[in-house]
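Chain B: place on chain A using the hints.
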Amino acid sequence: DAGVIQSPRHEVTEMGQEVTLRCKPISGHNSLFWYRQTMMRGLELLIYFNNNVPIDDSGMPEDRFSAKMPNASFSTLKIQPSEPRDSAVYFCASSGKYSYEQYFGPGTRLTVT
Amino acid sequence: DQQVKQNSPSLSVQEGRISILNCDYTNSMFDYFLWYKKYPAEGPTFLISISSIKDKNEDGRFTVFLNKSAKHLSLHIVPSQPGDSAVYFCAAESGSARQLTFGSGTQLTVLP
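Protein chains in written order, with this note's numbering: chain A, -18 to 94; chain B, 793 to 904.
One chain only, chain A, in its complex shape (with noise of 0.2 Å):
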């Protein structure tokens, strides 16, 4: 049974280009959140999303983050323009219906010089 899967796992990109990080959550979670992680800030929720729909996006830092969840199994985070402040860890997280419980993909190590 697959996990959450999450791609790339590796990003390096130059100041000013456009990210796209791409999530599928496991098959029948209803619930989709993404994280970054820094040294500075720990682990922090950017986004979620229920039945695909944006609950939450106060953690979005600004107007340079957005999300999309056009269907029950694919998401993306884009940043545009990218900033050497986003190199970070993205994660994507998905749970079902009745759970709490939330589920980790791998991450994606995004780097901008």
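Honestly, the hints are just simulated from the structure, not real lab data.
For glycine and all other residues, C-beta sits at the position ideal for the given N, C-alpha and C.
Cβ-to-Cβ under 7 Å is the rule here; a few derived chain A residues that face chain B:
1. Tyr81
2. Glu82
3. Pro87
Frame of chain A, contents of chain B only:
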């Protein structure tokens, strides 16, 4: 303002002994608590959880204790094994919000 705090950044224990990881929270609206384990280059893995209506939950070598009056929870690992060496995150959720608030993590090292 950190609502979930793990004040010990690291902990070392001998193999076979008990590991105790601590977590404090400030938000009285939290009603569900979880522990995650994280190895390098992997995502956090769900370990064990506890509802606020309970004070203890046990799963094999792992036991979580909740003291609501003190707003404190702890994870006990007995006996500790070298494979338990990882970063452990405490997380809390208020049911209506469906969002996890994470602590900063504790690096556990189990020495053979």
